[in-house]
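With the hints as your guide, set chains B, C and D onto chain A.
Chains as they are written, first to last, in this note's numbering: chain A, 1 to 391; chain B, 392 to 532; chain C, 533 to 697; chain D, 698 to 1069.
Don't take every hint at face value.
Claimed, not checked - Short, incomplete list of chain D residues facing chain A, as computed with Cβ under 8 Å:
| id | residue |
| --- | --- |
| 1 | MET698 |
| 2 | ILE760 |
| 3 | PHE764 |
| 4 | ASP767 |
| 5 | HIS789 |
| 6 | MET792 |
| 7 | LEU888 |
No lab work stands behind these hints: they were computed from the structure. Predicted, not measured: the structure shown is a model, and the values here were computed from it. We treat Cβ as the ideally placed atom computed from N, Cα and C, and that holds for glycine.
Residue strings, one per chain:
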Amino acid sequence: MKTNLKFRRVAAIGAGMTPFRRRMLETPQELAWEASRKALDEAGLELRDIDCVVIGSAPDAFDGVHMKGEYLAHGAGGVMKPASRVYVGGATGVMTAISGWYHVASGMCKKVLAVAEEKMSPGRPHPQAVFRYIWDPITEKPLNPNLIWIFAMEMHRYMFVNKISKEEIALVSVKNKRNAANNPYAQLGGEITVDDVLRSEVLVWPVQLLDVSPVSDGAAAMVFVDGDIARRYTDTPIWVEGVGWTLDNTSWPNRELAYPRYLENAARMAYRMAGIERPQREIDVVEPYDPFDYKELHHLEGLMLARKGEAPLLLKEGFFDRDGDIPSSPSGGLLGVGNPIAAAGLMKVISIYWQLKGTAGKMQVKRPVHTGVAQAWGDLMQASTVIVMRN
Amino acid sequence: MSWDKHGKEDELLTWKDVMEVERYVYTVGPDSEAFLRGLREGKILGRKCPRCGRVYVPPRLYCEDCFLENGEYVEVKEPYLDSFTTIYFDNREKRLDEPITVGLVRFKEATGGLLAIVQGIPEIGKKVEILEYSIPLRVRA
Amino acid sequence: MVHPLKEEELKEHFTVTYRPQAKYSYTAGQALSTFLRGLREGKILGRKCPRCGRVYVPPRLYCEDCFYPTSQWVEVKDEGIVMTAVASFISWTRDRLEEPEIVGTIRLFPSSPRDYVYPGLFHRICCSYDDVKSMRIMGKTVRARWKPVEKREGSIEDIECFEVV
Amino acid sequence: MENVGIVGIGWYGFSTNVHDLSFREMMFEAAQRAFYDAGGMNPREQIDAFISCQEDFWEGISISDEFAPDPVGGSMRPTMTVAGDGLQGLAHGFMLINSGVADVVVVESHAKPSDILTFPEIVELAMDPVYVREAKIPNYHFIAGLDATKFMHRTGVTREDLAEVVIKNRASGLKTGRAPHASMLSKEDVLSQEMIVYPLTRVDVARPVDGAIVVVLASETFARKFNDTPIWITGIGFSTDNSNLELAKLGDAFYLRKASELAFGMAKLESPLKVNGMFVDDRYSYKELQHVEALGVNNVAEKLREGYFHEGSYLPVNPKGGHLAKGYPLEASGLSLVLDAVEYMREGVSSAVVASWRGIPTFTGGVAVLQR
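Chain A extracted, bound-state conformation (with noise of 0.2 Å):
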């Protein structure tokens, strides 16, 4: 990677999103228009002052439409305009994030909008099965896997290689649930406890069902500009200063599962570009992926906030609470808010812009907060974005 950056500041100036529910009347195009809309309303712009849109969207097969991308456009306000679809699977949501600052540090658009939506809905009988297609088709879909088997094979390795309980684990999904309950949008806010977790359905042993984010339809949008014209539209415009993404290699049997060694990769990048050293003393609030909680702890490990393995002992004394050191996912996180893949990765990153903006509302940190991170995952655990934000 360069290091000498010639690139243009980019702001982030608006934001929305739509609720995230198991199930939506509204069409793709319509939840993405809702969430879009919203997000232009934030910045006070119309949709004639986007130059270029940014579409992310996880697997077709939810939707159950091809080319989902070019669907999508109409809702995004992608019509006769530069309109693109990124994809990295899971992590597409913070990537649609990347994607609107390339757009505008390159010069090729003064104002972007970055609009990610999901609907998982459709697939019957189960959107479950359609992540039966995400495995290799010769050497592992004959075995018939499903999606929660992946995520359970690399929480036993976690558990097993850092000597961690389930108890420690369950904590993130009672941390997550409790901070949703102060977000509006969120699909399963409230207090629960690690007993709830531990009694709760075994899906995939260790995974049980309060482990798991739910099945979700949702929305989010994001507007970006050019620097030099931030001022004209808000006072508090926030600063996108670092962006990074890995992606690492396809035979996930083939390596060793406990530490995420390309999400370190991905956040050196964003550290480097946003003049980070020290990330557990210059982070002030941070949304790591938590699709299952105990990815929330592998990926506070992987963007090097705690120690290989540290992180439950951490999570324990309080640090990453709404009112500790660095406030681990106020949004309520996936676990809490929902899982709408593409949508999430940007609510995530939304969540953090609305932080640092101060307009959190009752999800707003106790401490002041300058500078916060977002992080998505994706893939068969090799891929991560991770996006650095300051105001």
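Using the frame of chain A, we list chains B, C and D on its own:
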């Protein structure tokens, strides 16, 4: 192994599988619901943008330019043929028993249109008469 | 404003039901064709990179690290270490299973615990739910239980599962 | 913004069925050739970012992005997928270089339509589920049929003109090493063919083809490190007309009008007539003329009849045969036109325009201006 590829038919394998869910159940959204209800009553509904006045057929929740929520539903009239084509073979290159003429029917002063099976002699811009209110429409040119 | 729905409320709304047709015949290619034929003969074949010496199982025709064509077929043992194992109570369509299905990843020999990337397979493991729950199975040495020769068809399913030695 | 140079390009396949290699192995073969073309570069050290262009249902793998990194040397590197045509990927690479995060970017795209057993059904899956798919029209080419009828009505292009395009492109393909559908046809051969979908016959429609293409891009500072004569991308743009059939403009490639406006503006190209060659998507014979028109050339029918677009004339269009001769490798189609253009320019001419389309049922296309 660029240098030791083999090419014998019995040494090269393929693997058959699918990427299907059992079925998709798509919700059509509130606007298409209004449209489909209208269609049952023999009406073609559109929805009007309160700012630019464009009428979308089929109706849409929002205007694609103004990006605002559309307003009232209006019934559109005077269908005409925007373009047409005749199909002789199907997707698998099998000859159809009868060629089918498909057209895109638009409506006066409305944006959008509907696919239709066309009877009679098609011509671009020609007015048509709707015989059957369905998807696709059945019209006579 | 969006409208959340419950499953039973769908009946009150217009919906379009569509049966997708997405069928494929995946080309196995050079590396996987030989791998599958090897399985039929009860062998697990890998490809070795001449530069870094890494062995790829399942095989590939390139080394991802050196970006160099792999050059040599090597047979690895059908024996290895269980890296991770899980017990599934749901099927791929998310139906409830009475008996859990146990799967995991296996680091095949020859390889060492220090390797970050190693020859390995994702497969079923024949052990009890309790072995998984107590983590007793992790780190154990296992060996492939092959299907009888006449039932093998050149598929990953030619191995029934891996069982503790 | 600075120009971005194409310093290496490689391809593999362009056969109706690459039976011996999986798509991953095809990607590796193409990548090897591209890196060799770029002065024998080492992708593990000299490349900053990787972009792959693919779509799930074309691959038969959900989240096919998983398979993108290894075969092109992109594992543990910034690798991403643009779910779109290769030319859109090229634009993303252009942006990555201009944003400063990368100096050298690889853009890859591949297609294995021979693996797809239900090709028409997959195309159908891309259509609006309520108004288009539900209409159950028996042949997906009907969208091209509607578009062609309107286009011919507006411009006066005739069946003879379309036949001329077919004859020109299929014959041009005979000179290249990757044109399985090239052939010598006479006017009678073409005009006597049966219609599949009015006004298109079997020979008017290009077929899908297996293939992989890898392009290496580099910034102005780095380009000459790998190649003494880089081909510069001086302008690039892409655009989507309405993705809903009934709202899109039929009979006119509006998407290319917008895309070329962006690309020509960036390249400061005053007129499309000032370039030495045009490489436009010709998946259907009429599309070539429609696309040339959308790039800003007037009276395409007359110009074609005057021999304007034939090789050796003022403005050769698809002198390497286009998709009618080569087939279209799905999302790699845009890159296959870029490949034609690069080869053509390496033969000595100084500029070319590439215009791609994503195919039925989309209304999306991209334009790149290439100069030496």
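Comparing the hints with the structure gives:
1. With its C-beta approaching chain A no nearer than about 5 Å, MET698(D) sits inside the 8 Å limit, and its interface hint holds.
2. For ILE760(D), the shortest C-beta to C-beta distance to chain A is roughly 4 Å, which falls under 8 Å, so the interface hint holds.
3. Of the supplied interface hints, the one on PHE764(D) holds, with its beta-carbon coming within about 5 Å of a beta-carbon of chain A, less than 8 Å.
4. Interface restraint check for ASP767(D): the shortest CB-CB distance to chain A comes to about 5 Å, inside 8 Å, so the restraint holds.
5. A hinted interface residue such as HIS789(D) counts as satisfied when its beta carbon comes closer than 8 Å to some beta carbon of chain A; here the least separation is about 7 Å, so the hint holds.
6. Given hint, MET792(D) at the interface with chain A, holds; its Cβ is 4 Å from that chain's nearest Cβ, closer than 8 Å.
7. With its C-beta approaching chain A no nearer than about 34 Å, LEU888(D) sits outside the 8 Å limit, and its interface hint is violated.
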